[in-house]
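2 protein chains.
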Amino acid sequence: MQSFELNRTDIQRLKQALESGDEELKALLSEYHASEIAILFASLPQESRDHIINILPSETASEIIAEMDAEIHPERILENLHPERRSEIMEELDYDDATDILSQLSEDTQNEILSDLDEEDASHIRNLLTFEEDTAGGLMNTQVLKVNSRLTKTEALDQIIRQSEEMEEFYTINVVDDKNLLLGIVSLKDIIKSRNTVLIKDLIKEDFVYVKANTDQEEVARLISQYNLTSIPVVDDRMHLLGRITFDDVIDVMEEENTEDILKISGVSEDEALSGNWQEAVKSRLPWLVVNLGTAFLASSVIRHFEPTISKLLLLSGYMTMIAGMGGNTATQALAVTIRRISLSDLTDNQAYRTVLKEFTVGLINGACIGLVVFLFALFYDGNLMLGLVTFIAMTGNLLLAGIAGSSIPLILKRIGIDPAIASSIIITTFTDVFGFLLLLGLASKLLL
Amino acid sequence: MQSFELNRTDIQRLKQALESGDEELKALLSEYHASEIAILFASLPQESRDHIINILPSETASEIIAEMDAEIHPERILENLHPERRSEIMEELDYDDATDILSQLSEDTQNEILSDLDEEDASHIRNLLTFEEDTAGGLMNTQVLKVNSRLTKTEALDQIIRQSEEMEEFYTINVVDDKNLLLGIVSLKDIIKSRNTVLIKDLIKEDFVYVKANTDQEEVARLISQYNLTSIPVVDDRMHLLGRITFDDVIDVMEEENTEDILKISGVSEDEALSGNWQEAVKSRLPWLVVNLGTAFLASSVIRHFEPTISKLLLLSGYMTMIAGMGGNTATQALAVTIRRISLSDLTDNQAYRTVLKEFTVGLINGACIGLVVFLFALFYDGNLMLGLVTFIAMTGNLLLAGIAGSSIPLILKRIGIDPAIASSIIITTFTDVFGFLLLLGLASKLLL
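Protein sequence lines, in the order shown, are assigned to chains A and B. Note that the numbering used here has the first sequence beginning at 852, numbered continuously upward. Note that the numbering used here has the second sequence beginning at 852, numbered continuously upward.
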C-alpha cells in the first residue's frame, strides 16, 4: 500500500456504500486500514459509526475504536453496542486503550461494561483506571513482554514467542526476578545472537531508562525523545514492573502538549477540544476575555487620564493605536520564541539572562527602525518635528519594553513554577498597551503642549 | 539509570572537571549518556566542546555529535578536528546524521572531509547530500536491514544478525528481490516463530506503508504517527529500496514543525533559530513588523477620518482601545484553534463550514457578554445610555467579525495552497483594529452627535 491522503472522494464512496447495503460496505471498508477508517469516522454521524463497528470483525472494529480521536468520542460507540458484541470488542482492545475510552464514561457505565468481561481483563482495566490520565501510569499498557533472568536463551525465546502472540508489537524485552522486580532490559537481537545455553542474566543491560507510574507524561515524552527509545518500562516505588509505554503513545502526547501550548499562548483554555462545540469554546475562552477586559479598562483609564492632552492634539489618537499595536506584536514575537525555547529545554540562569538581553536588543533595534518611519511620517505628512520626536521615543521605548516583557515574564513564571504559556499574548499585549499610551501621552503632554 | 533532569549542578561539575585535567573529565563524562552530554554542550564554549570530543572514544564522540542540536552547530566541531580524528568519528556516524551535519558546511569543506573517508562511506554520504533536507530522502538512513525473499528462515536469520552488527537498532526487516526491488516487510517475530525451512517469501507482509524519496517530511511524520510505525522504508520511483526513516527522526521533525507553527502564528519567520543571536532575530521579525506597520497606518487613517467625531466626544478614545484590543484577542483565539486543527488533519468542506459557523457563534456570544459589561460601564460610570448602546453594538460586531476572520482566513489560505499559519496574529489583529474603529466611530458619528 502506498501512502495516500484521505480525501472527499473517500468519504463520498463510504457514504454511498452505507446506503447500498452491508456487503458493498464491507467490501469497501476492506480497502482501508483501521486507522484510516477511524479518520473517516469524523465525517460520519454516530449511527453510521455504530453500524460499521457492528458489521466488521471484532478485531478490526477494536482497532478502529482504539485509533479514533478522543474528540470524536469512541466511548459513545461502546455505550451504544449490544453488551455481548461490546464484550467481544473490549477483549480485543489493549488494556491501555480500553482504559482511556472507559475513563470517559460514568462510573456506573464503567462498572456495567466491566462486569461483562472476564475476571482477569476487568481487573487489569480497573487497576489502570486508578492512575491519573496524564501520568506514566495513565499512559502505560500492562501487557508487557518479560522474561525471568534465570532462563536460558532457548527457554527465553520460547517465552517471548508465546507472550508476543497476544501483543501487537514488541521492541525490548524486560528482565525480572521471581518477585517481578525489574532488573534490566535485553534486546531480541542479543538473545538471538547468543549461544543456546547462555543465561538471560548474562545478556542483561542494567543501564537503562525507566519511569515511575506517577511520572508526568511530558517527562515520559522527553525521555523517549531524548534517548530515542521504542518503549520505556513503568515501575512502582519498589521497582516492580507495572507496564510499558511505547513511542507511538508518546507521539500522541507530544501532539497534545503542542496543541495546549499554541492554545494557551493565544488565550484559549488548554482543554478546549479543537473540534468541540460552541458551548465548550465559549466556556474556554470567555474567562480569558474577561481577564483581558480588566486590563483593557486599565489601558483605557490611561487614555482617560490624558484626555486634556488628546483634546489639544487630536492627531495623537491615530499614533496611539500604532504604538500600542506594534508593541503588542513585538511582545508576541518575543513571547513565542521564549515559550517555545523553554518548552524544548530548561534554560540555565546565564541562558535566561542572555535571552532577555537579546530580546532587549532586538526590541531596541526594531523599535528604532519602526520609530524612524513613524518619525518621518509625522515630520513630512503632519509637518510636526516635535510630534515626530515624541512618537519616535514612544515607539522605540515601547518595543524595547515589549521585548523585555515578552521574554522575562515567561522565564520568571517558569522559575516560580507557573506554566509560562499562561503569560499569553492577551496579558502581554495589554501590558504594552498601557505602557505605550503612558509613554506617548506622557511625553506629549510635557513636550508638545 | 533512573530518569533525571540535567541541572546547573551538572554544568558546574563539568566546568570544574574541564579545569582539573583529562582523567577527571573522562571519569565524570562516563557518568552521562551521550545525549546528555550533547545537551550539556549548549552551556559550554566551542573550545571545551572540541576538547571533550577529542579525549573521548570515537564511538561516544560520534554519538554526542549526532545528538547535538543543529542550533549549537555540531559541524563546527568537525571543522576544528584534526583530519585523522575527524575521519575516525565520521566512520562511526550513521550516514543520515553525517549528511545532516555536513550539509551545514561549504561544498569545499564537505569535499575535503569526504576525501578522507573510505570510498563506500563517502559515496553513501555524497548520494544522501543530493536530497532536499526536508524530504524523506533527506531524512533517511541508507543503512537498512534487508533480506532476499529467496532465503530460508535460517539463512535470513544469519543475514539479519550479521547486518545488525553495524546497526544501532532495527525494528522491521525489508524484503527485496535480486534487483533490490522492495517486495514487502517481515517482522523478526514472524521469522523466529517459523520452521527453519520456511522461505522468507512465505512470511512476507505485502500490505505495508512506504514513501518515495521526495515525499515531504511532514507527510512522513503523519504516516509514522498514523500507522504507529517504528520505521518506514524509502524507495525510488521504480521501487528500489533506498533507505529507512525511524520514529526518532520523526519525533525531531514534529518538534521542528510545531516550533515553526508557533513562530509563524506569532509573526516570527519560521527559520529563526530559537537560540539564535539578535542579528538573526531582527532579520526574521522586522519584515513582519513592517507589514504590520502598513496595516497600522490603515487603522490609524480610520481614526484620522473620524477626528471631528472624537473631538466632540473624547470619551470615545478610551472605548476605541478596548473594542480594538478585545477584537484582536478574540481573533487570535479563533486563529489558534483553527490553525492547530488544520495542521492535525485536513478538513472537509462541511467541517470547514461548521468551523466558521462555530466561531461566528462564539464571537457573537462572547461579544455580547463583554459588550454588556462595557454597556453597563458607559451607562453608570459615564452616564450615557446611547454611548452604552453604541459600544455594545461595536463590541459585539467586532468580536463576531473577529471569530469569522480568525477561522475563515486560515481555511481559505489552506484551500488556495498557502501556509495558513502566515495568517499570523499580526495580520488578523490589524484587521479587527480597522473594523472595530470603523464600527465604533461610524456608529458614534451617526447616533451620538
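Mixed in with the good hints, there may be bad ones.
Identical chains blur together in the list; that is why a pair holds if it fits in one copy or across any two.
[To be verified] Listed below are the simulated PhoX-like cross-link pairs for lysine-lysine, each with C-alpha atoms no more than 20 Å apart in a straight line:
{"hint": "1", "residue 1": "Lys-1004", "residue 2": "Lys-1134"}
{"hint": "2", "residue 1": "Lys-1063", "residue 2": "Lys-1030"}
{"hint": "3", "residue 1": "Lys-997", "residue 2": "Lys-1134"}
{"hint": "4", "residue 1": "Lys-1063", "residue 2": "Lys-997"}
{"hint": "5", "residue 1": "Lys-997", "residue 2": "Lys-1056"}
{"hint": "6", "residue 1": "Lys-1044", "residue 2": "Lys-1004"}
{"hint": "7", "residue 1": "Lys-1052", "residue 2": "Lys-1163"}
{"hint": "8", "residue 1": "Lys-877", "residue 2": "Lys-1004"}
Since the hints were derived computationally from the structure, they do not count as laboratory data.
Checked hints:
1. Within a single copy, Lys-1004 and Lys-1134 get their C-alpha atoms no closer than 58 Å, and across copies no closer than 60 Å, so neither meets the 20 Å cut-off.
2. Taking the shortest alpha-carbon separations for Lys-1063 and Lys-1030, only the intra-copy value of 18 Å comes in at or below 20 Å, while the best inter-copy value is 49 Å.
3. For a Cα distance limit of 20 Å, the shortest separation of Lys-997 from Lys-1134 qualifies neither inside one copy, at 46 Å, nor across copies, at 54 Å.
4. Taking CA atoms no more than 20 Å apart as the test, Lys-1063 paired with Lys-997 passes inside one copy only; the shortest distance there is 17 Å, against 37 Å between copies.
5. Taking identical chains as interchangeable, the C-alpha atoms of Lys-997 and Lys-1056 lie at most 20 Å apart only when both belong to the same chain, with a minimum of 14 Å there against 26 Å between chains.
6. For the identical chains of this complex, Lys-1044 and Lys-1004 are neighbours both inside a copy (10 Å) and across copies (15 Å), given an alpha-carbon limit of 20 Å.
7. In this homomeric assembly, Lys-1052 and Lys-1163 never come within 20 Å of each other (Cα to Cα): the closest approach is 87 Å inside a single copy and 88 Å across copies.
8. Taking CA atoms no more than 20 Å apart as the test, Lys-877 paired with Lys-1004 passes in neither setting, with 44 Å inside one copy and 35 Å between copies.
Hint compliance for this structure: hints 1, 3, 7, 8 are not met, and every other hint is.
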